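Each chain, written out:
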Amino acid sequence: MKTFRAPISGSNSLDWVNAIVQGTLLGGLYALFAAGLSLIFGVMRLVNIAHGDLIVLAAYLGLTVTTILGLHPLLALLLVVPAMALFGYILQRGILNQTLGKDILPPLLVTFGLSVILQNGLLEIYSADPQKMNAGALETASIPVGELSFGVLPVLTFAIAVAVIAALQWMFYHTALGRAFRATSDNQETAQLMGLNRRHIFGLAMALALGVTAIAGIMLGIRTSFDPSIGGGRLVFGFEAVIIGGLGNMWGTLVGGVILGVAQTVGAKIDPGWQLLAGHIAFLIILAVRPNGLFPRISE
Amino acid sequence: MPDPLLKLSGLEAFYSDFQALFGVDLEVAQGEVLAIIGANGAGKTTLMRAISGLTKSAANMVTYSGEAIGALRADQVATRGIALVPEGRQLFPSLSVEENLIIGSQLGRKGPWSLNAIYKLFPILKERRNQQSTSLSGGQQQMVAIGRALMANPDLILFDEISLGLAPIIIKDIYAALPGIIGEGMSALIVEQDITKALSVSRRFYCLQEGRVSLSGASATAAREDISRAYFGVE
Ligand SMILES: Nc1ncnc2c1ncn2[C@@H]1O[C@H](COP(=O)(O)OP(=O)(O)OP(=O)(O)O)[C@@H](O)[C@H]1O
Ligand SMILES: [Mg+2]
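One line per chain: the protein sequences are Z and Y, in this order. Remember, the numbering used here sits 55 above the position in the first sequence when you count from 1. Remember, the numbering used here sits 1 above the position in the second sequence when you count from 1.
Don't read these hints as lab results, they were simulated from the structure. Hints are all accurate, no fakes.
Distance windows between CB atoms, simulated:
no., chain 1, residue 1, chain 2, residue 2, range
1, Z, Pro161, Y, Asp26, 37 to 43 Å
2, Z, Lys157, Y, Lys173, 35 to 41 Å
3, Y, Gln194, Z, Ile172, 53 to 59 Å
4, Z, Ile172, Y, Glu68, 39 to 45 Å
5, Y, Glu185, Z, Gly149, 40 to 46 Å
6, Z, Trp225, Y, Ser138, 29 to 35 Å
7, Y, Asn61, Z, Ala343, 57 to 63 Å
8, Z, Gly149, Y, Glu226, 55 to 61 Å
Some chain Y residues flagged as far from chain Z (calculated, every beta-carbon gap over 10 Å):
no., residue
9, Asp4
10, Gly24
11, Lys121
12, Leu122
13, Lys127
14, Ile170
15, Glu226
16, Asp227
Only a predicted model underlies this, so the values are computations on that prediction, with no experimental measurement involved. Even glycine gets a Cβ: it sits at the ideal position worked out from N, Cα and C.
Could you put together the complete structure from these sequences and hints?
Structural data, given as structure tokens:
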């Protein structure tokens, strides 16, 4: 057995630690994918099939802004976040509000249609060629920690995810807007009696959700190359993170993203072909054991 | 006689195809307290919903301070100073007791009611202010629902069966507090199944039967047999 390599326990276990750390940081990106989904589901029980394509749309907007204005992608956030938020408000007031009611099918169909329109529109404008945003030195910079080395970009993404979720959580529980979101989510009729126009409240929720989606899209577009067809996969990652964490719980969403990220990187470590499969398996196991996710907030 | 604060003219209301109100005429003067009585299903809650905008009607069927408001949304009606204490209380379970009160004031209308005034009226709510509203007893929840409506500093307040499901002693307390609540020039419509309670706090009453006004008059001089005829529809 000449080819047998004796495990060198030191570096081997270090590899596993590395996989877990990288997976955790990747989970930050997934939490960013998921936060907007979680927010709009929490406020208006809307499942947005186009969410992944909206992430990709934000990445392309970022690309356009960076190429035309020569801005760093992180500075492009200053333009793309408000643009996506405005788009969200108009989309909600113009189209999605009309689909909301007792029947859950119309919003699914309409957001599915939106997904198809976005994909084809992006294909028409930007072609199917994979593109990437150039963030310069940020992409390769790393911080050595002992024998491990952390990429600055994944660490930054994770930190942004934590900050976004902390901010959403604070907004939800400590501001008048958050109170209005919770009240409208509890009981739309009674919220109207308090002078809250639910159409406007839903518009604001979608604006906020797409603002977060813009951050997700830019961080995605710096990290990897993207093309118009990848939205569906991002939607699934977002969904899985939301469901693992438990519906309506923002910190749970972060935990869900991390579990998904770790499952994927550990799966890939075992066999590179297992990356996605391992994530889905982790999702299914958690769903089987805890059908309401790990930290459910909404009891239904 | 000055214009009434609220005027319903031939008010009709529907739940899709089902008609629940058939041409209701009613007037509330400034500062007046009115009782609405009627059996189960008579249309009392529908009347409250129609006034507050939860159920839409033709614009002219509801006039408030001279403005036709029948076709407005509930949030637009609320802006004009009408508050509803809904049947079954309808507190927001995700909000604490204090948040349930604060959200009532979010239109920012000026008036005598504030968080402190509500806590003075119902001291127990101050003790419980950080709890979930669902953890309160039925009577305390009703206090929150009343407080939430008062926080809007409305000119017209609508009470829909505030005694529903409460112990008699609690009902007595709440009704004892009502005159103090309604004072200060506020007008009120009180829906109640308990006729004696309703008549005791009101100046005039309307009796509904199957979506129509079957009797109305002064509460003090109402004859019992007239009321029971109007109430149950027995000849
Ligand atoms: N959401 C609804 N959909 C269809 N019909 C309804 C609805 N709500 C009430 N109704 C019907 O409208 C009529 C009036 O109901 P409403 O609730 O106004 O009566 P009420 O006088 O408030 O009765 P209660 O004393 O039981 O509260 C009833 O026949 C009722 O069945
Ligand atoms: Mg009723």
